[in-house]
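Mind docking chain B on chain A? Use the hints.
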Amino acid sequence: MNASALDVSIVGPALVAGLLVLSTHVPLGRHVLQRGIIFIDLAIAQVAGLGAIAAQLFAEEWGAIGTQTIAVGAALLAALLLDRSEKRWPEIQEALIGALFVVAASAGLLLLAGNPHGAEHLKELLVGQILWVSPSALLVTFAAYVAVLIAALILRHRLGTVGFYVLFAICVTASVQLVGIYLVFASLILPALAVRHLRGARGLAWGYGIGLAGYASGILLSAVVDLPTGAVIVCTMAIMALLGAAATRIGRGKSAATS
Amino acid sequence: MIMKRNFILLLWLTALSTPSANAALNVFACEPEWAALAQELGGDRVTVYSATTAMQDAHRIEARPSLIAKLRQADLAVCTGAELEVGWMPMLQRQAGNARVQPGRSGYFEAAAAVDRLDVPSQLDRSMGDVHAGGNPHVHTDPRRIATIADALAQRLAILDSANASFYAQRQEVFAQRWRQATREWTARAAPLRNVRVVSHHRDWVYLFDWLGLQDAGTLEPKPGLPPTASHLADLKQALAKSPARMILRAPFEEARPSEWLARETGARTVMLPYTVGGTPGARDLFGLFDDTIARLLEAAK
Numbered sequence: 001m002n003a004s005a006l007d008v009s010i011v012g013p014a015l016v017a018g019l020l021v022l023s024t025h026v027p028l029g030r031h032v033l034q035r036g037i038i039f040i041d042l043a044i045a046q047v048a049g050l051g052a053i054a055a056q057l058f059a060e061e062w063g064a065i066g067t068q069t070i071a072v073g074a075a076l077l078a079a080l081l082l083d084r085s086e087k088r089w090p091e092i093q094e095a096l097i098g099a100l101f102v103v104a105a106s107a108g109l110l111l112l113a114g115n116p117h118g119a120e121h122l123k124e125l126l127v128g129q130i131l132w133v134s135p136s137a138l139l140v141t142f143a144a145y146v147a148v149l150i151a152a153l154i155l156r157h158r159l160g161t162v163g164f165y166v167l168f169a170i171c172v173t174a175s176v177q178l179v180g181i182y183l184v185f186a187s188l189i190l191p192a193l194a195v196r197h198l199r200g201a202r203g204l205a206w207g208y209g210i211g212l213a214g215y216a217s218g219i220l221l222s223a224v225v226d227l228p229t230g231a232v233i234v235c236t237m238a239i240m241a242l243l244g245a246a247a248t249r250i251g252r253g254k255s256a257a258t259s
Numbered sequence: 260m261i262m263k264r265n266f267i268l269l270l271w272l273t274a275l276s277t278p279s280a281n282a283a284l285n286v287f288a289c290e291p292e293w294a295a296l297a298q299e300l301g302g303d304r305v306t307v308y309s310a311t312t313a314m315q316d317a318h319r320i321e322a323r324p325s326l327i328a329k330l331r332q333a334d335l336a337v338c339t340g341a342e343l344e345v346g347w348m349p350m351l352q353r354q355a356g357n358a359r360v361q362p363g364r365s366g367y368f369e370a371a372a373a374v375d376r377l378d379v380p381s382q383l384d385r386s387m388g389d390v391h392a393g394g395n396p397h398v399h400t401d402p403r404r405i406a407t408i409a410d411a412l413a414q415r416l417a418i419l420d421s422a423n424a425s426f427y428a429q430r431q432e433v434f435a436q437r438w439r440q441a442t443r444e445w446t447a448r449a450a451p452l453r454n455v456r457v458v459s460h461h462r463d464w465v466y467l468f469d470w471l472g473l474q475d476a477g478t479l480e481p482k483p484g485l486p487p488t489a490s491h492l493a494d495l496k497q498a499l500a501k502s503p504a505r506m507i508l509r510a511p512f513e514e515a516r517p518s519e520w521l522a523r524e525t526g527a528r529t530v531m532l533p534y535t536v537g538g539t540p541g542a543r544d545l546f547g548l549f550d551d552t553i554a555r556l557l558e559a560a561k
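Sequence lines, in order, name chains A and B.
Numbering follows the numbering used here, in which position 180 of the first sequence is assigned residue number 180; successive positions increment by one, without gaps.
Just so we're on the same page, the numbering used here is the position in the second sequence counted from 1, plus 259.
Excised from the complex, chain A in its bound form (with noise of 0.2 Å):
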């Protein structure tokens, strides 16, 4: 038991961090599951990271801005190519994506062969330790989904595939580096699959409890039995993802009984 972990300025901005990234993870994640291309987020987060590491090493000079907008290039490049592929071959494109992770990831190992600072520097974009954010991280954060959730508004039906690539690619490379690669695919997926029966405001309500519950509970947990926070949260969003997978269908069951 360790009751001064759960000092609200401990685990507070945890729990923003992870508000944040739900706020646009539990929308995309049902975009996501519906088309099918539920590997998408580790795809476009490694390349992203790729293209981290050819800054890092070819263009150390531009610094930590130049880096960002190199992985944020990359991962635009990316949605673009999938994108593509999406429309010419549908049918294959989940494995087209995940022939792109382990590409793109090898690619990295590779360029990182003779370099260990530059596995630091990966890891500092693929494994975002939730517990370690800072305010000017969740600033930069906020600003980059605010940009998303505008866009996405104006052009609300016009959005078209492209657009959801480019919004995607964009949100998924500031979460990443947020809370890591384990919370960004629990965020997107496990809320999204618990209310894929749910249309609509209701199942997005649905998934915006559940992606909630999963993160307070897990950070409380996480300090209560002193363990590493992220992965608390990813196995105590699937246990909520379950709970509040069986809540809806039972709510569901009655009310057609009822009707």
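I should point out that these hints are in silico values taken from the structure, not numbers from a laboratory.
Fair warning: this is a prediction, and the values are worked out from it, not measured in the lab.
Check before you lean on any hint, since a few could be wrong.
Computed, partial: chain B to chain A, Cβ under 8 Å [said to hold, decoys possible]:
(1) GLU321
(2) ARG323
(3) MET350
(4) ARG353
(5) GLN354
(6) ALA358
(7) GLN361
Label pairs and their calculated CB-CB ranges [as the list claims (entries may be wrong)]:
(8) LEU110/A x PRO380/B: 24 to 34 Å
(9) LEU110/A x GLU432/B: 55 to 65 Å
(10) GLU321/B x ALA152/A: 32 to 42 Å
(11) THR161/A x GLU519/B: 49 to 59 Å
(12) ASP375/B x SER134/A: 33 to 43 Å
(13) LEU109/A x VAL345/B: 16 to 26 Å
(14) GLU519/B x LEU109/A: 18 to 28 Å
(15) GLY526/B x TYR182/A: 34 to 44 Å
(16) TYR182/A x ARG528/B: 31 to 41 Å
(17) PRO380/B x LEU243/A: 32 to 42 Å
(18) ARG528/B x SER85/A: 50 to 60 Å
(19) ASP375/B x ASP226/A: 35 to 45 Å
(20) ALA392/B x ARG88/A: 49 to 59 Å
(21) ASP316/B x SER134/A: 17 to 27 Å
Ideal Cβ placement from N, Cα and C applies to all residues, glycine included.
Same frame as chain A, now just chain B:
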């Protein structure tokens, strides 16, 4: 319920942290060896917390809320320094927001800074691998250097908790005496190890080599921090065919497979050393750490 318990705990901690002769100094140790040393020197006047265990590689650790909480309460952070904790300690210091333990303050003690270091690069080049500008940070594998660090740490405890200054000085004197005696015995017992050729997984043991006169026959890692590659292992095997090594050292947190492979290929024996306090059942404290290290080395050298 939790809120209430939290509040009571807070009161209790506040009571503890008010300056009085009985107040325990909160020590946050980055690694188990410094937790053990702080306990030796501070006795019941310190409350020691270790951020890592012997089974963790202190180069990288996962973030837990308790780490931030413990550093926030700490009066003194005792770390290795020389960039060993560069991947997590700066983040932890920022997140804890505790002015007492920031770099440069008397509440932040770097053990490696108190001793002379080996492997200090004459020039820093990223192609050299995970090289630390401050030299090799694994200073605690040499008991002579631990003696120097103990002296510096006792002085630091006395500065931070001046009411107990004479207490720390006295404990340091007792410790130094026992440690000198033990080091003499270890050195005598380890005499057969002089000039024995050993391979290591990572350059964890250069200070141990420096102390016992073991000969460095190469590392499984091609460069510090990089996993073994096929061509490097082939080179190593070839070099060992010319001048064989007696044993292959690794720490408890390092993968066994590379050293087992090399043992099969060359006939050298693999030895897992405790590396730090808690690394093996025998390494219960700093004395046990070196008792067990020497015993395991002698066993493998037979």
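Tested hints:
Restraint check, GLU321/B versus chain A: the minimum CB separation of about 4 Å is within 8 Å; hint holds. A distance limit of 8 Å between C-beta atoms decides the matter here; for ARG323/B the minimum to chain A is near 6 Å, and the interface restraint holds. Proximity of MET350/B to chain A holds as hinted, the smallest CB-CB distance being about 4 Å (cut-off 8 Å). Interface hint at ARG353/B: satisfied, since its Cβ lies 7 Å from the closest Cβ of chain A, which is below the 8 Å cut-off.
Annotation: GLN354/B was flagged as interfacial toward chain A, and the flag holds, the nearest CB pair being 6 Å apart, inside 8 Å. Evaluation of the ALA358/B hint against chain A yields a violated restraint, the C-beta minimum of about 15 Å exceeding 8 Å. The interface hint given for GLN361/B is broken, as the beta carbon of that residue sits about 16 Å from the closest beta carbon of chain A, more than 8 Å. The hint said 24 to 34 Å for the Cβ distance between LEU110/A and PRO380/B, and at roughly 25 Å that hint holds.
The hinted window of 55 to 65 Å between LEU110/A and GLU432/B holds, with their beta carbons roughly 56 Å apart. With their beta carbons about 34 Å apart, GLU321/B and ALA152/A fall inside the hinted range of 32 to 42 Å. Between THR161/A and GLU519/B the Cβ separation comes to about 51 Å, which falls inside the hinted range of 49 to 59 Å. At about 36 Å, the beta-carbon gap between ASP375/B and SER134/A stays in the expected band of 33 to 43 Å.
Between LEU109/A and VAL345/B, the C-beta spacing of about 22 Å keeps the proposed range 16 to 26 Å intact. Roughly 24 Å separates the CB atoms of GLU519/B and LEU109/A, a value that falls within the hinted 18 to 28 Å. A hinted range of 34 to 44 Å for the beta carbons of GLY526/B and TYR182/A is consistent with their spacing of about 42 Å. Taking the beta carbon of each, TYR182/A and ARG528/B are about 39 Å apart, inside 31 to 41 Å as hinted.
Separation of PRO380/B from LEU243/A is about 54 Å and departs from the stated range, judged on CB atoms against 32 to 42 Å. For the pair ARG528/B and SER85/A, the beta carbons lie near 54 Å from each other, so the given range of 50 to 60 Å is met. Distance hint check for ASP375/B and ASP226/A: the Cβ-Cβ separation is about 37 Å, which falls inside the suggested range of 35 to 45 Å. The hint said 49 to 59 Å for the Cβ distance between ALA392/B and ARG88/A, and at roughly 51 Å that hint holds.
A beta carbon spacing of about 25 Å between ASP316/B and SER134/A agrees with the range 17 to 27 Å that was offered as a hint.
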